Amino acid sequence: MSDEEKLLKRLTAYLSDDQKHTIRIYGHGASGKSTFARKLQLILGEERANLLETDPYVITGEYRDLLSSKDFPHQKVTACLPAVHELSSLERDICALQSGLDILTIGTAWSPSLRLSARKPILIVEGMSTAFLSESLFDLSICFYTDDQTELERRLARDVAVRERRSDWIKQTHLARREQYRHFYQPYLVAADLVICQSDNSIRIEKDSPIL
Numbered sequence: 001m002s003d004e005e006k007l008l009k010r011l012t013a014y015l016s017d018d019q020k021h022t023i024r025i026y027g028h029g030a031s032g033k034s035t036f037a038r039k040l041q042l043i044l045g046e047e048r049a050n051l052l053e054t055d056p057y058v059i060t061g062e063y064r065d066l067l068s069s070k071d072f073p074h075q076k077v078t079a080c081l082p083a084v085h086e087l088s089s090l091e092r093d094i095c096a097l098q099s100g101l102d103i104l105t106i107g108t109a110w111s112p113s114l115r116l117s118a119r120k121p122i123l124i125v126e127g128m129s130t131a132f133l134s135e136s137l138f139d140l141s142i143c144f145y146t147d148d149q150t151e152l153e154r155r156l157a158r159d160v161a162v163r164e165r166r167s168d169w170i171k172q173t174h175l176a177r178r179e180q181y182r183h184f185y186q187p188y189l190v191a192a193d194l195v196i197c198q199s200d201n202s203i204r205i206e207k208d209s210p211i212l
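Under the UniProt record's numbering, the sequence shown has 107 at position 107, and the numbering climbs by one with no breaks.
Hints listed in this document are in silico derivations from the structure and should not be mistaken for laboratory results.
Predicted model, so just to flag it, every value in this text is computed and none were measured.
Hints should not be assumed to be uniformly reliable.
[Said to hold, decoys possible] No more than 30 Å apart at the CA atoms, straight line, and that leaves these computed lysine-lysine pairs for DSS-like:
| # | residue 1 | residue 2 |
| --- | --- | --- |
| 1 | K120 | K6 |
| 2 | K20 | K120 |
| 3 | K207 | K9 |
| 4 | K20 | K9 |
| 5 | K20 | K6 |
| 6 | K207 | K120 |
| 7 | K39 | K9 |
| 8 | K70 | K39 |
| 9 | K39 | K120 |
| 10 | K9 | K120 |
| 11 | K6 | K39 |
| 12 | K207 | K6 |
| 13 | K171 | K76 |
| 14 | K20 | K207 |
| 15 | K207 | K39 |
| 16 | K171 | K70 |
[Claimed, not checked] Computed beta-carbon distance windows for the label pairs:
| # | residue 1 | residue 2 | range |
| --- | --- | --- | --- |
| 17 | L66 | G45 | 39 to 47 Å |
| 18 | Q75 | S134 | 24 to 32 Å |
| 19 | Q19 | K171 | 43 to 51 Å |
| 20 | D147 | K39 | 15 to 23 Å |
The beta-carbon is built from N, C-alpha and C at its ideal position, and this holds for glycine as well.
Work out the full structure, taking the sequences as your base and the hints as a guide.
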């Protein structure tokens, strides 16, 4: 059994106590959080677990272009800053599900709007945005990260094929992404119950949780 399978087994046991649970899975882009969250949902069963992906809550396009960081004034603002996330809307939707109200997710070009049922006992909230929300909203927090090279390799493989971005643009913006990650986002690792390193495409638990 791989380390990932062992971790998924522990999480499944923790979440299978017939209680309501809300967990967040966050980390920088291409850290492995989305793939892991989907695997966890499938193991738990889609009839029991909602997966709320937070990418649609990230401000894009011309609105983000109006923002500038005083720490990196010559760089384009990345999703490592809380200012580019619709945090109030995300918190409202999480609280609605926790209170027994169904929601419609935000539809995007890559992901249609879905109805999430509040009857499902488990809510997995996945994406960078969750790092900026209060810990009190969640029973368990999991943070993923990788080293610089692993993130770049994953972005080149994913963003060129899936998001139709140019490889030269990805390489040019990678340094700025990592600088802003270390400055703005990395401090949020300490709030996680579990910290998972996926450098070199392997899983290593750097911080474990006694509740699992």
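Handout entry: Restraint check for K6 with K39, where alpha carbons must lie at most 30 Å apart
Key = Holds, at roughly 13 Å.
Exercise for the section: Quickly compare the C-alpha distance for K171 and K70 to 30 Å and report which way the hint goes. Expected result: holds, 23 Å
Practice task
For the pair supplied as a hint, K207 and K120, confirm whether the alpha-carbon distance does not exceed 30 Å.
Solution key: holds, 29 Å
Exercise for the section: Given the hint of 15 to 23 Å, check if D147 and K39 actually sit that far apart at their C-beta atoms. Expected result: This hint holds: roughly 22 Å between Cβ atoms.
Practice task
With a cut-off of 30 Å on the C-alpha distance, tell me whether K9 and K120 pass.
Solution key: Measuring from Cα to Cα gives roughly 20 Å; hence the hint holds.
Handout entry: Holds or violated: K20 to K120, with C-alpha atoms at most 30 Å apart
Key = holds, 8 Å
Exercise for the section: Please work out if K120 and K6 have their alpha carbons no farther apart than 30 Å. Expected result: Cα-Cα ~24 Å, so holds.
Problem - Agreement of K207 and K9 with the hint, judged by alpha carbon distance not exceeding 30 Å - result: Answer holds: K207 to K9 is near 17 Å, not above 30 Å.
Practice task
Could you grab the alpha-carbon distance between K70 and K39 and see if it respects the 30 Å cut-off?
Solution key: violated, 39 Å
Handout entry: Pairwise hint evaluation, K9 against K39, where the allowed Cα distance is 30 Å at most
Key = Given pair K39, K9 holds - Cα atoms ~11 Å apart, limit 30 Å.
Practice task
Decide if the proposed pair is consistent with the structure: K207 and K6, CA atoms, cutoff 30 Å inclusive.
Solution key: holds, 15 Å
Problem - Restraint status (C-alpha distance of K20 to K207 at most 30 Å) - result: holds, 24 Å
The structure does not agree with numbered hint 8 stated previously, though it agrees with all others.
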